[in-house]
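S.K.: Take a look at the letters that make up each chain.
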Amino acid sequence: MKTNKLDQQIKKKFENRTFEPSASAWERLSVQLDEQPKQKKIGWFFYIGAAASILLLVTIGVQLFSKDSSDFKPIKEVVVKPVDKNSIDSKIEEFINEIPVEEALVKEEIDADEFSKSEDKIVVKNNIYKKKRQKKVTDKRQNKGLAIVDVKSEVDKKKQQIENITKASITKIKNKNTKIKVNADDLLFSVTHTSQEVEQYYAKYNVDRDSILNTIKIELKKSDLKVNPNTILVEVERTIDDNDFQNNFLKLLKNRVSNIASAIAFRNN
Amino acid sequence: MKIIKLHNKEKSLIKKAITNNREAQQLLFEEYSPKMLGVCRQYVKDLHHAEDLLLQGFLKVFTNLHRFKHEGSFEGWIRIIMVNTCITYLRKKNLIDLSDEDYVFNDSATESLENTSVEDIQKLIDQLPEGYKIVFNLYAIEGYKHSEIAEKLEISESTSKTQLFKARKLLQKNYIKMNKVVHENE
Chain A
322 MKTNKLDQQI KKKFENRTFE PSASAWERLS VQLDEQPKQK KIGWFFYIGA
372 AASILLLVTI GVQLFSKDSS DFKPIKEVVV KPVDKNSIDS KIEEFINEIP
422 VEEALVKEEI DADEFSKSED KIVVKNNIYK KKRQKKVTDK RQNKGLAIVD
472 VKSEVDKKKQ QIENITKASI TKIKNKNTKI KVNADDLLFS VTHTSQEVEQ
522 YYAKYNVDRD SILNTIKIEL KKSDLKVNPN TILVEVERTI DDNDFQNNFL
572 KLLKNRVSNI ASAIAFRNN
Chain S
-18 MKIIKLHNKE KSLIKKAITN NREAQQLLFE EYSPKMLGVC RQYVKDLHHA
32 EDLLLQGFLK VFTNLHRFKH EGSFEGWIRI IMVNTCITYL RKKNLIDLSD
82 EDYVFNDSAT ESLENTSVED IQKLIDQLPE GYKIVFNLYA IEGYKHSEIA
132 EKLEISESTS KTQLFKARKL LQKNYIKMNK VVHENE
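Keeping their order, the protein sequence lines are chains A and S.
Using this note's numbering, you'd call the opening residue of the first sequence number 322 and step up by one each time.
Using this note's numbering, you'd call the opening residue of the second sequence number -18 and step up by one each time.
This is chain A alone, in the form it adopts within the complex:
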């Protein structure tokens, strides 16, 4: 307790003790206080500045980004689309050109058979009709028939391939490849000249339709092509007015024989 008394006595003594600070004390403190708020203000401005600059950067960034994206979009449309179209188109064309040739060959083989029986008939080129004709093929033709079946299966395979490729992009073309039925009579009718024009031509050169047809047949045999001579004839008649054609009739006729094969094939598909 004694020691506590000592503590309390000392505490009491000190409780009201004061020292008057020197006259300059407040001045000095005031100067220090002046320095303090300045630092604070600088801090305040610094934060505002930092925030503003960050905002500015973000804005610029966003603008640049949006510009970039707007620049890219047209490029995508310009570059990517043509590539797609071209590649798909070329592939499709490839198949279109490939398959029909074989199909056409098959068809024309039968047509040639039929032709001997009914000369005037212009062959109708569609798959259903073709199948009917295949049934009519005689026993002699059995071997060839087998060949036809082989070709047909190949054709089917290729058709399948085309389907796979074009399914995603162009359905119209797919439909054409698989189900198109072109009436050759109508088609030829629309492209040929009027019968008057043809007759005039024949009269001029002292030939008749049958003799030209025979020439075509001979040429077809020569080039080992199996195409309906009638078709060639019609195609030839269509271009009768061409001067070049008139001058080099036979020569161009030979060329036409080969050209016509692929042309018909393309039409069929």
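There's no promise every hint is true.
[As the list claims (entries may be wrong)] Beta-carbon label-pair distances, calculated as ranges:
hint : chain 1 : residue 1 : chain 2 : residue 2 : range
1    : A       : SER351    : S       : HIS(-12)  : 22 to 32 Å
2    : A       : GLU336    : S       : GLU135    : 48 to 58 Å
3    : S       : ILE(-16)  : A       : ALA373    : 48 to 58 Å
4    : A       : SER351    : S       : GLU132    : 28 to 38 Å
5    : A       : SER351    : S       : ASN96     : 34 to 44 Å
6    : A       : GLY370    : S       : VAL99     : 33 to 43 Å
7    : A       : VAL379    : S       : ILE(-15)  : 53 to 63 Å
[Stated by the list, open to error] List time: in silico BS3-like cross-link candidates among lysine-lysine, alpha-carbon distance up to 27 Å:
hint : chain 1 : residue 1 : chain 2 : residue 2
8    : S       : LYS158    : A       : LYS332
9    : S       : LYS(-3)   : A       : LYS333
10   : A       : LYS333    : S       : LYS16
11   : S       : LYS161    : A       : LYS333
12   : S       : LYS126    : S       : LYS50
13   : S       : LYS142    : A       : LYS334
14   : S       : LYS158    : A       : LYS333
15   : S       : LYS142    : A       : LYS333
16   : S       : LYS16     : A       : LYS332
17   : A       : LYS334    : S       : LYS16
18   : A       : LYS333    : S       : LYS26
19   : A       : LYS333    : S       : LYS(-4)
20   : S       : LYS150    : A       : LYS326
21   : S       : LYS150    : A       : LYS334
22   : A       : LYS334    : S       : LYS126
23   : S       : LYS150    : A       : LYS332
24   : S       : LYS50     : A       : LYS334
25   : S       : LYS(-4)   : A       : LYS332
26   : S       : LYS74     : S       : LYS104
27   : S       : LYS26     : A       : LYS334
28   : A       : LYS326    : S       : LYS50
29   : S       : LYS(-3)   : A       : LYS332
30   : S       : LYS161    : A       : LYS334
Note that these hints are calculated values from the structure, not bench results.
We put the beta carbon where it would ideally sit given N, CA and C, even for glycine.
Dock chain S against chain A, hints included.
M.R.: Same frame as chain A, now just chain S:
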């Protein structure tokens, strides 16, 4: 009524001082600086040095004034800041020596301090080693608990207790010595 008025006056002064009103700050400084200089003087012998610490303390008071929640007395709040400022200074300067030193003193010497002047007592306290002095000041005058002192000075509670005990003994011893000198002179 007067007390309430004074309290309200102080409150408005503090509000103004928060907004960095120099006049209000000066009024508050003039109000509390003499007492606080006394507090600082407890820890530092040199009065000019004590004044430096006083200004440091008041700078803290004014820059942290917005943190004062009016829960305790404003004087008590300032006083805590002053004591902390002094302790921080002494700790930085490594002036606090809390090592145990053996002092031999006379147990019988216990006279009343009532007739002794504050400055004489201050002289007695000044004679104490820094460690003893701080613990004694914090415990006896500021009223801190040993646990609080231990936390403030980063020492153990038992060290705080022994430092206080030794400080008291040394004070008594020095007091007797002083009295003897006084009496001899008489």
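S.K.: None of the hints should be skipped; say for each whether it holds.
M.R.: Consistency of the hints with the structure:
1. A C-beta distance of roughly 26 Å is found between A:SER351 and S:HIS(-12), which places it inside the suggested range of 22 to 32 Å.
2. For the pair A:GLU336 and S:GLU135, the supplied restraint of 48 to 58 Å is violated, since their beta-carbon distance comes to about 28 Å.
3. Checked against the hint of 48 to 58 Å, the C-beta distance between S:ILE(-16) and A:ALA373 comes to roughly 50 Å, which is consistent with it.
4. Look at A:SER351 against S:GLU132: about 34 Å separates their beta carbons, and that is inside 28 to 38 Å.
5. Taken as a hint, the range 34 to 44 Å holds for the pair A:SER351 and S:ASN96, whose Cβ atoms sit roughly 41 Å apart.
6. Here the CB-CB span from A:GLY370 to S:VAL99 is close to 54 Å, at odds with the stated 33 to 43 Å.
7. For A:VAL379 and S:ILE(-15), the Cβ-Cβ distance of about 54 Å falls inside the hinted range of 53 to 63 Å, so the restraint holds.
8. A C-alpha spacing of about 21 Å is found between S:LYS158 and A:LYS332, which places the hinted pair at or below 27 Å, so the restraint holds.
9. Straight-line distance between C-alpha atoms of S:LYS(-3) and A:LYS333 comes to about 33 Å, which puts the hinted pair past the 27 Å bound.
10. Our distance criterion of 27 Å between C-alpha atoms is met by A:LYS333 and S:LYS16, whose separation comes to about 14 Å.
11. About 24 Å separates the Cα atoms of S:LYS161 and A:LYS333, which keeps this hinted pair within 27 Å; it holds.
12. Using a Cα cut-off of 27 Å, the hinted pair S:LYS126 and S:LYS50 holds, with the two alpha carbons roughly 23 Å apart.
13. For the suggested pair S:LYS142 and A:LYS334, the alpha carbons sit about 23 Å apart, so the restraint of at most 27 Å is met.
14. Restraint check for S:LYS158 and A:LYS333: the C-alpha separation of about 22 Å stays at or below 27 Å, so the hint holds.
15. Restraint check: the Cα-Cα separation between S:LYS142 and A:LYS333 comes to about 21 Å, which is no more than 27 Å; the hinted pair holds.
16. Pair hint S:LYS16 plus A:LYS332 holds up; C-alpha atoms about 14 Å apart against a cutoff of 27 Å.
17. Using a Cα cut-off of 27 Å, the hinted pair A:LYS334 and S:LYS16 holds, with the two alpha carbons roughly 13 Å apart.
18. Distance restraint check for A:LYS333 and S:LYS26: the Cα-Cα separation of roughly 20 Å lies within the 27 Å cut-off, and the hinted pair is therefore satisfied.
19. The hinted pair formed by A:LYS333 and S:LYS(-4) fails the criterion: a straight-line CA distance of about 32 Å is larger than 27 Å.
20. About 13 Å separates the Cα atoms of S:LYS150 and A:LYS326, which keeps this hinted pair within 27 Å; it holds.
21. Between S:LYS150 and A:LYS334 the alpha-carbon distance is near 19 Å, which keeps this suggested pair within the 27 Å criterion.
22. For a cut-off of 27 Å, the pair hint linking A:LYS334 to S:LYS126 stands: about 20 Å separates their Cα positions.
23. Proximity of S:LYS150 to A:LYS332 is assessed by CA-CA distance (about 16 Å); at most 27 Å being required, the pair is judged to hold.
24. Taking the CA atoms of S:LYS50 and A:LYS334, the gap is about 30 Å. The hint is violated against a cut of 27 Å.
25. Taken as a hint, the S:LYS(-4) and A:LYS332 pair is broken in the structure, with Cα atoms around 32 Å apart against an allowance of 27 Å.
26. The suggested pairing of S:LYS74 with S:LYS104 holds, with an alpha-carbon distance near 22 Å, which does not exceed 27 Å.
27. Between S:LYS26 and A:LYS334, the direct Cα distance comes to roughly 17 Å. Compliance with the 27 Å bound is thereby established for this hinted pair.
28. About 34 Å separates the Cα atoms of A:LYS326 and S:LYS50, which puts this hinted pair outside 27 Å; it is violated.
29. As the CA atoms of S:LYS(-3) and A:LYS332 are separated by approximately 33 Å, the hinted pair breaks the 27 Å bound.
30. Our distance criterion of 27 Å between C-alpha atoms is met by S:LYS161 and A:LYS334, whose separation comes to about 21 Å.
Checked against the numbered hints listed earlier, the structure breaks hints 2, 6, 9, 19, 24, 25, 28 and 29; every other hint is satisfied.
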